Structure formats: C-alpha cells, structure tokens
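Throw the hints in and build the complete structure from the sequences for me.
The chain contents come next:
2 protein chains.
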Amino acid sequence: MITVLVVGTGNVATHLYNAFFNIDNINVSQISSRNLKNIPNTDVTIIAVSDDAIAEVSSKINNPFVVHTSGSISMKNLQNSTRKGVFYMLQTFTKEKKVDFKKVPFCLEAEHKDDLKILKKLAKTLGNSIYTIDSNQRKALHVAAVFVNNFTNHLYKIGHDICLTHNVPFKVLHPLIQETSNKIMSLPPIKAQTGPAIRNDTKTIKNHLTLLEEQQQKIYKILTKSIQDSLNR
Amino acid sequence: MITVLVVGTGNVATHLYNAFFNIDNINVSQISSRNLKNIPNTDVTIIAVSDDAIAEVSSKINNPFVVHTSGSISMKNLQNSTRKGVFYMLQTFTKEKKVDFKKVPFCLEAEHKDDLKILKKLAKTLGNSIYTIDSNQRKALHVAAVFVNNFTNHLYKIGHDICLTHNVPFKVLHPLIQETSNKIMSLPPIKAQTGPAIRNDTKTIKNHLTLLEEQQQKIYKILTKSIQDSLNR
Ligand SMILES: NC(=O)c1ccc[n+]([C@@H]2O[C@H](COP(=O)([O-])OP(=O)(O)OC[C@H]3O[C@@H](n4cnc5c(N)ncnc54)[C@H](OP(=O)(O)O)[C@@H]3O)[C@@H](O)[C@H]2O)c1
Ligand SMILES: NC(=O)c1ccc[n+]([C@@H]2O[C@H](COP(=O)([O-])OP(=O)(O)OC[C@H]3O[C@@H](n4cnc5c(N)ncnc54)[C@H](OP(=O)(O)O)[C@@H]3O)[C@@H](O)[C@H]2O)c1
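These protein sequence lines are chains A and B, in that order. Per UniProt numbering, the very first residue in the first sequence carries number 1; after that it's consecutive. Per UniProt numbering, the very first residue in the second sequence carries number 1; after that it's consecutive.
Treat the hints as calculated values from the structure; they're not laboratory data. All of these numbers come straight from a predicted model, not from anything done at the bench. Any given hint could turn out to be false.
Identical chains share a label here; the pair holds if one copy fits it or two copies do between them.
[What the hints assert, rightly or not] Calculated pairs, DSS-like style, for lysine-lysine (alpha carbon to alpha carbon, straight line, at most 27 Å):
1) Lys171 / Lys206
2) Lys117 / Lys221
3) Lys103 / Lys113
4) Lys60 / Lys203
5) Lys98 / Lys37
6) Lys203 / Lys218
7) Lys60 / Lys113
8) Lys221 / Lys120
9) Lys37 / Lys60
Structure below.
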C-alpha cells in the first residue's frame, strides 16, 4: 500500500486523483492548495499546482516526500525541508477530456534511489512508459515539446488559414497530417523529410512564396533554409 | 466499363495501376513515359510522370482525355490538343509502402462537366474522399501541405535534435505528437493552441531560448511571434 496526497484541484490534480482512486494498492486523498491545514501525512505528496505556486505551496508542507508535476520547474524549486522529487507526465490535461494513462509517458526524478523506486511503483500502477529524467533533461524535453506540439499546431493553423483564404476545405489535409505524425513512429524525422526544400526545388519554392502573406513567407523561408542546412551537416 | 491508361512507371503510376487492376469495372493498362509508341486508346489517360515532364509527355498523346496527377502543376500545363483534367491524390506515395486509397483525398478537375463526372466515377472506385478542386485551389492546397507535412516533419526533426543533444529518448515525445495531430480532427487548430507563446509566458520563453542553437532560436522566436500575432487579429 502506498499512501498518496494530491495537492491542488486543477486539471492534473483532478485526473491524477481520479486515476489513483481506482487503484487497489493506492490510498489517495486530495486537498486544495489554498487551504493547507490538517494536511494528511502520506508516503508521497504530489503538488499539482501552477508552476509559479510550487515554491510557496511546497514551503508549507512537512510531509516526508514531496514531488511536483511540472515539466519546466527544476526539482530544487521545491521548498519543503524534507525529501524531493518530480512526477511529470508529458501529456496535455484538460478537465473535460479523458486521459488514457496507459499512453502517458511518466518522467520521474528523486534525490534518493529509494524514492525513485516509490515513484516508479506509483507510475506503474497507471502507465506503461516510465522514464528516469533529471531536471536538465526535463527542461530539454519541455523545449522539444514546444516544437513538436505548440509549434506544429501553429503550422496546422497556418495551413488552415491558407485553405480559408483560397476556399479549400481544411479536412482535405487531415489524412496527410495523420500520415506525417504516424511516420515518426517508425522512421527518424530526418529520414522522413520530403518536399521542395529538401529537393532544392527553387521553382516551386518561388511559386509558393507568391501565395503567402508576409509573416507566412518569413516562416516558409526560415524553415526551408533550416531544412536545407540540415542536409549539409 | 471505363478504360484507363496509366503513363509512367514511378511511385504514383505503380500504385494507381495496381489499384485499378483490382477493380471490376475498370480496364487498366500501363506504359512507360519514355517510349510513347502504340499508345492504347482509352477513355482516360493518366500521366503520372515528374512535374517537369508533364508538358512534354502530354504533347505526344492524342487520346481524347488526358489528366496529370500533380499537386503543383496547373491543368493548362498539359499540351495535348484534346480534353484536359487533373487527378491529384493528396498523399505521399513511395513504392515500398502500401497505400490505403480509402483514406486518400482525390482532388479532381476537368475542363468539361462530363469529364469531371468520369473522374469522380473513377475516383469512387478507389476512395471515399472526393473533392472538386480547381488549379488555383490545388496550388493553395499544395502550399498548405508543405506547412502541415514538410515543415511539421522538420519541427519533429528539431525536437529529435534537442533530445539527442540532451540525452533524452525521442520516443518520450511520441504520444504528444500523436495527440497533437489527432486534435485537429475535432478542433480547429487555433482553438487547440497551447504553450508559452499563447500564454505570453515570457519567463519560460527566455529559459527555452538559452537551451537552443542559433537557428533553432530563430525558428522559436518567429513561431512564437506568429502565435502571439494570431491572437491580435
Ligand atoms: N495541464 C497540463 O497539460 C499539464 C501537463 C503536464 C504538467 N502540468 C503541470 O502540472 C501543474 C498543474 O497544472 P494544471 O494544468 O493542473 O493547472 P491548473 O488546472 O491551472 O490548476 C492550478 C492549480 O494550482 C492552484 N494555484 C494556482 N496559484 C496558486 C497559488 N498562488 N497558491 C496556491 N494554489 C495555487 C490552483 O488553485 P485555484 O483553482 O484555487 O486557483 C489550482 O488548483 C503545473 O506545474 C503544470 O506545469 C500540466
Ligand atoms: N510521390 C508522391 O507522393 C506524389 C503524390 C501526389 C502527386 N504526385 C505527382 O505524381 C507525379 C509522379 O510522381 P512520382 O512520385 O510517381 O514520380 P517518380 O516516382 O519519380 O516517377 C517519375 C516518372 O516520370 C518519368 N519521367 C521523368 N522524367 C521524364 C521525362 N523527361 N520524360 C519522360 N518520362 C519522364 C519517370 O521515368 P523513368 O523512371 O524512366 O525516369 C517515371 O516513370 C508527379 O506529377 C508528382 O508531383 C506524387
């Protein structure tokens, strides 16, 4: 039996609490991060609050082992005087949407080996992809996630804009988008690269630029150059 | 019964020929684009050759209705003196990889209504997503595809590079990549946007930039700006 306290009532806290609640060997409780009185003493205390509040909230907790759930905050940011760790799930959580924890990568860190073992045990009750990732690695992962998630979504948005402007249904592009993301499961992205940039197809590139707005052109040019530079390394 | 001739022996020609070969109501034949002698006379002649060769190859064909398969070449580029059209499939074809035509969007164009009907009939024997797309729309679609496919793959590549540099397995990011691409099936990309740029989280953005190489920084900055500008429109 592992006893767990979830601190917070946001997206991550809610999903985590509900998930642990259904696990036999876990005894989970949850409290608001706004009212830190009568804190249950548990094996693991998971602070799932906004990044900026992690330091303050953790400073008020005396439980033996305290972890946060942030991808961008270092373990040392925790201000509890007891043992520290990180329980970061690399996935987007929104309250409305069900989470399939089996697909969520758990990125774990702890000051002490035994604590890392506890976090692994905990993560394994929910998921299959468990990684030991230190604070520096986690920061890198977070930046990489901005590229493959936030920026990729913005490229979808630009594609959507171009379709709107030229009166084409965006859904024509759905299968291509799916194929592009499926490919990296079996092929390193550098090997999956196609298109006018890597073919150095100057004529098509020039044609494309005439169809774009100023900011779209800038993005088109810099990404084209970056693709071409990646060939010469 | 529709009689079809596929001209070319490349990726698209091979997949198309094989697919039509299995359809009862289609009588398909194939010839090389290098040797245009004894050309079978068919209802539809599909020229599936490199973009640059479409004009030349089509100029040598006297069949009644000739179409090409290119996303970036206009219908008028065809040099046959008979009827013209386009049979563009928005998907990546490589010889090794099986194509699920049921998922392929067919983008059709023809000078004459009756020819468009024939192309639709033809496309429907293979697929479910059939669109009438004129040459200007197709050009826009092709540019949009560069953003959502080629450029997106390059962002995956940058994510992969960042992981390599910081010794993190790229596969930690696989589920996030899948989720990002699945989201646009149900949500317009502008509504799916998350991350530090749209939150205007200057602290995180600054932190991220310190972890990146020069060209990665440039891309990070321009995409961040573009995301933020999209809020103000
Ligand atoms: N959402 C995701 O997709 C995701 C994914 C991976 C990791 N994370 C990380 O998980 C943590 C929580 O994220 P979330 O999405 O669950 O956030 P959220 O839904 O915005 O919830 C934030 C929680 O923090 C509390 N809080 C905010 N400021 C506070 C303060 N000054 N003092 C005390 N409590 C405060 C909020 O309480 P009130 O409701 O009372 O304001 C709320 O319970 C963050 O570190 C985040 O980086 C999030
Ligand atoms: N591949 C895709 O993902 C894809 C997707 C949608 C649309 N398309 C379009 O489909 C068409 C064919 O593409 P593909 O990928 O099938 O090309 P491919 O595999 O490179 O095959 C090109 C074909 O064109 C022939 N060819 C090249 N130059 C020629 C010339 N000067 N004279 C006569 N024949 C010539 C080649 O003959 P040799 O083998 O004898 O050189 C070969 O049969 C293009 O318009 C392309 O834009 C391709």
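Hint by hint, here is what the structure shows:
no.	hint	in the structure
1	Lys171 / Lys206	within (26 Å within a copy, 35 Å between copies)
2	Lys117 / Lys221	neither (48 Å within a copy, 39 Å between copies)
3	Lys103 / Lys113	within (25 Å within a copy, 49 Å between copies)
4	Lys60 / Lys203	between (63 Å within a copy, 24 Å between copies)
5	Lys98 / Lys37	neither (31 Å within a copy, 61 Å between copies)
6	Lys203 / Lys218	both (17 Å within a copy, 25 Å between copies)
7	Lys60 / Lys113	within (25 Å within a copy, 74 Å between copies)
8	Lys221 / Lys120	neither (45 Å within a copy, 36 Å between copies)
9	Lys37 / Lys60	within (10 Å within a copy, 86 Å between copies)
The structure is inconsistent with the numbered hints 2, 5, 8, although it conforms to all the rest.
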